[in-house]
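Colleague: Below, each chain spelled out in residue letters.
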Amino acid sequence: DMKVTQMPRYLIKRMGENVLLECGQDMSHETMYWYRQDPGLGLQLIYISYDVDSNSEGDIPKGYRVSRKKREHFSLILDSAKTNQTSVYFCASSRDRANSDYTFGSGTRLLVI
Amino acid sequence: EQQVQQSPASLVLQEAENAELQCSFSIFTNQVQWFYQRPGGRLVSLLYNPSGTKQSGRLTSTTVIKERRSSLHISSSQITDSGTYLCAMERYDYGSSGNKLIFGIGTLLSVKP
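Chains A and B, in that order, give the protein sequences. The first sequence lines up with residues 7 to 119 when you count with the numbering used here. The second sequence lines up with residues 3 to 115 when you count with the numbering used here.
Please note that the accuracy of each hint is not assured.
As the list claims (entries may be wrong) - A few chain B residues that face chain A, going by a derived Cβ cut-off under 7 Å, partial list only:
| no. | residue |
| --- | --- |
| 1 | L15 |
| 2 | S47 |
| 3 | I107 |
I should point out that these hints are in silico values taken from the structure, not numbers from a laboratory. Owing to the predicted nature of the structure, the values given are computational and were not obtained by experimental measurement. Glycine included, C-beta positions come from ideal geometry on N, C-alpha and C.
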């Protein structure tokens, strides 16, 4: 069963703490993405990774960094989390840069207090 | 500026009624995708429709690229169709030399028995 897996599903962190969100896919997809989804704003692209160590900023990269050391794994890191980073974070993958076979994970609900 | 506009914002139907969801874009695109999201859940790709009409079961998408619009028709709605329908367009990003999907905020569909 081809899928994108995100861990953890729910996370509560205090302001200033570091946050690590993990994402894995078993489809050998080249391209992976991190989005956040907020009411009234929809999905906003944080980072794209076109392959191992080939990452590109999305539309709202400030306050985030990413790591992709293996094709199947893409991490999102928040160094010193802020309350305005409370959101639902979605990871997605696609077969290539043409956005084919776009597949989303179930999301991570992050609350920063 | 919201580059992808969706209407209506919400829609309530009686079971078995048909639904028509609209999507318009502020710039030209050569790819349109429709996604479905259950409350709090992952996004699932429904239809990839760069132009013309595409059908999948009870779903029919019509895209007119030169008019920068796409629609999704749901026939004979079922209670399980309830959720949010998101439209996404592809935009080329010169900074990363890759394509990005830009999402609308979505149409919240509620199907009542």
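Colleague: With reference to the structure, classify each hint as holding or not holding.
Modeller: Hints, verified against the model:
no., hint, verdict
1, L15, "violated, 22 Å"
2, S47, "holds, 5 Å"
3, I107, "holds, 4 Å"
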